[in-house]
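S.K.: Given next are the chains, with one letter for each unit.
Protein chains: 2
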Amino acid sequence: MTASADSKTSGRILISVDAMGGDLGPATVVAGISVSAKKNDRIGFILHGPEDVLKPLVAKRKHLAGRCEIRNAGDVVQMEDKPSQALRQGKDTSMWSALESVRNGEASVCVSCGNTGALMLMSVIRLRKLPGIYRPAIAVLWPSQNPQRHNIMLDGGADIRADAKDLMQYALMGTSYARNGFGLERPRVGLLNVGTEEHKGRAELREAYDLIEGNARNGDFEFVGFVEGRDLPGTVCDVIVTDGFTGNVALKTGEGTAKLIRDLLKEAFAHTPLSRLASILALTSLRRMGKRIDPSRANGGVFLGLNGTVVKSHGSADATGISAAVKLAFELADTGFTEKLAARVASATMLEQDAANEPDSNGEQA
Amino acid sequence: MTASADSKTSGRILISVDAMGGDLGPATVVAGISVSAKKNDRIGFILHGPEDVLKPLVAKRKHLAGRCEIRNAGDVVQMEDKPSQALRQGKDTSMWSALESVRNGEASVCVSCGNTGALMLMSVIRLRKLPGIYRPAIAVLWPSQNPQRHNIMLDGGADIRADAKDLMQYALMGTSYARNGFGLERPRVGLLNVGTEEHKGRAELREAYDLIEGNARNGDFEFVGFVEGRDLPGTVCDVIVTDGFTGNVALKTGEGTAKLIRDLLKEAFAHTPLSRLASILALTSLRRMGKRIDPSRANGGVFLGLNGTVVKSHGSADATGISAAVKLAFELADTGFTEKLAARVASATMLEQDAANEPDSNGEQA
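Residue numbers (the numbering used here), protein chains in the order written: chain A, 975 to 1340; chain B, 975 to 1340.
Simulated from the structure, these hints should not be mistaken for lab results.
Take these hints with a grain of salt, some might be off.
A pair counts as met if it fits within one copy or between any two copies, since identical chains are not told apart.
[Claimed, not checked] Calculated pairs, DSSO-like style, for lysine-lysine (alpha carbon to alpha carbon, straight line, at most 27 angstroms):
#	residue 1	residue 2
1	Lys-1233	Lys-1265
2	Lys-1265	Lys-1103
3	Lys-1265	Lys-1240
4	Lys-1301	Lys-1056
5	Lys-1314	Lys-1103
6	Lys-1036	Lys-1012
7	Lys-1139	Lys-1233
8	Lys-1314	Lys-1301
9	Lys-1012	Lys-1240
10	Lys-1265	Lys-1029
11	Lys-1065	Lys-1012
12	Lys-1013	Lys-1103
13	Lys-1013	Lys-1036
The shape of chain A in the complex, shown without the other chains (with noise of 0.2 angstroms):
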């Protein structure tokens, strides 16, 4: 019996697993996934890659027994190579293949810790966008103070242009991942910018507030206007939505910015006797923080607006990073947050469609 067929008759979501393709190589990934399996008796694999690999590796993890699938894919992509380049060779890659395992049905989620370029690509191309979205885009995770400890931003860096349509529809998708992965019932929405005055900011996101706003009630969600870079890890909305140029250069630069404050404190606490050994009394309490802003633990970019749901782990996601990512891919494959994101996209592309046969109207028309 495969582990497939076992999966449906004890009721397992699978979620099709890349093994490949992270800077760890694929001991990290099965680690990963056999936190998962131990974690949550729901969750079934296939996983991805060379089946010599693969099957010793997998063997030796009792938790994974009857619950992981194993396709054989010989190539790689590897992290230096150009989407296209990958694309046209990819065929006969784990990242090809884990992506087949969500076209063909067998899985709603997969999970990959490989090229971002060429996933995203490949991603496009085999699993093609749903209905009525212009770009696809990548929503990313921010540490905040919010009760779900992490805000959504979106894109992340799919596209490095968005018009106001494309901004609408992230809002729209941002709103339904909000919903489904962290079961935010009326997620509060906010269109990144460079001031909240009236006055500031480009014409088009004038328009896409138009937009946003005018999709808030059939979205389900409360639009909160114009933010600012300091309400991505901040308090006053749960979605933040911006086109891929900025907001790959938010993500990274919160990055950096976290990166500084590390090394300045290690600094400060190699400083002096009296600072070392405070370091060590403050390690637990330095260790509770690091948790929270810890990439690998908010770990998982999600491809939004395709048919089927792709998350992508840190290229250098440890297991406890795979296995949040297999935590995610999870919650989103049960809620069955693909079809849902589809209703609301067709729901939203109709009014569309409604509003543009309505003949010109005053108001006056009921």
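Start from chain A and add chain B according to the hints.
M.R.: Coordinates of chain B only, in the frame set by chain A:
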């Protein structure tokens, strides 16, 4: 004898200071300039604001005796004023008066902690752009591990747009600032983008890349090419060039991230009696680190590209922050920064005109 004449005979460099508009009021500004006066015998001040308010404040500071001339200006630009509104009603404000001292040549640098948008607009209208400059820029400082402890980013938000030529001028202006403000002989310049791979980024950035590269020799800087958000607080370059929209989002993202970490650190240390004890022992270390990333120490966005230099201090700057801004203003004035910058820009503009006047070349000309 006026302070101005006194300063001239004593060889002092005059800084024009807007005493009003900061969140903490004129007493804090006077305290700040007094700190600077005590530290540096070569600084004199022209202080702008309501005479009846400023006179007693200045009289209390012995280091300001004979070194601080007061210029009466009854009105204050408020933080919530729109720039256009501030400009219309602004002739009697301390901000207008402070810029006037630069306009008429009494001082070459002005310091204000008032409303940024109003200060920028008023500066452009009153001081006028340098010949050849299309868009002035705000240069801001990022804490970094570079030897000078800060990187320079521009534009921090003067203008939400910037084309390739503007970005090239930002590179020249940022380089002049790094040389005169931080003593870097041959600053390293990076162009902010979403990735270092050649297939990424906007088309106009590719054009800017070529323009900046072409001016590196004449501008006496090293061009390191595209950099990412994480390099803003990093060590690969000293000057980072970007448009004002992206720059402002990045700046506020950095501030927001630093604030989140500070808050989480406080929480982590308050968690148990042991961690509270550790935090007491660690206090000096934490303070030492806090100083490194405290925006009030890296105080002063600098407006570049005008006939005169304007240092914009944080609205919430305390006396230490004001004093840091004055120190920067003094260094820029002392090195003849405004004049040197103008010469650099003029030289780049001439190069460009020469190139435009040359016949089409296949590299055959000498």
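S.K.: So, for every hint listed, does it hold in this structure?
M.R.: Going through the hints against the structure:
In the homo-oligomer, the alpha carbons of Lys-1233 and Lys-1265 lie at most 27 angstroms apart both inside one protomer (14 angstroms) and across protomers (17 angstroms), since each shortest distance falls under that limit. In this assembly of identical chains, the alpha carbons of Lys-1265 and Lys-1103 never lie at most 27 angstroms apart, being 35 angstroms within a copy and 49 angstroms across copies at closest. In this assembly of identical chains, the alpha carbons of Lys-1265 and Lys-1240 lie at most 27 angstroms apart whether taken from the same copy (16 angstroms) or from different copies (14 angstroms). Taking identical chains as interchangeable, the C-alpha atoms of Lys-1301 and Lys-1056 are never at most 27 angstroms apart, the minima being 29 angstroms within one chain and 48 angstroms between chains.
In this assembly of identical chains, Lys-1314 and Lys-1103 lie within 27 angstroms of each other by CA distance solely inside one copy; the values are 15 angstroms within and 54 angstroms between copies. Proximity of Lys-1036 to Lys-1012 under the C-alpha cut-off of 27 angstroms is restricted to the intra-copy arrangement: shortest distance 9 angstroms within a copy versus 72 angstroms between copies. In the homo-oligomer, the alpha carbons of Lys-1139 and Lys-1233 never lie at most 27 angstroms apart, since the shortest distance is 35 angstroms inside one protomer and 33 angstroms across protomers. Taking CA atoms no more than 27 angstroms apart as the test, Lys-1314 paired with Lys-1301 passes inside one copy only; the shortest distance there is 19 angstroms, against 58 angstroms between copies.
Within a single copy, Lys-1012 and Lys-1240 get their C-alpha atoms no closer than 35 angstroms, and across copies no closer than 34 angstroms, so neither meets the 27 angstroms cut-off. Taking the shortest alpha-carbon separations for Lys-1265 and Lys-1029, neither the intra-copy value of 32 angstroms nor the inter-copy value of 53 angstroms comes in at or below 27 angstroms. Taking identical chains as interchangeable, the C-alpha atoms of Lys-1065 and Lys-1012 are never at most 27 angstroms apart, the minima being 32 angstroms within one chain and 72 angstroms between chains. Within a single copy, Lys-1013 and Lys-1103 get their C-alpha atoms no closer than 33 angstroms, and across copies no closer than 64 angstroms, so neither meets the 27 angstroms cut-off.
Taking the shortest alpha-carbon separations for Lys-1013 and Lys-1036, only the intra-copy value of 13 angstroms comes in at or below 27 angstroms, while the best inter-copy value is 70 angstroms.
Taken one by one, the earlier hints fail for this structure at numbers 2, 4, 7, 9, 10, 11 and 12, listed in ascending order.
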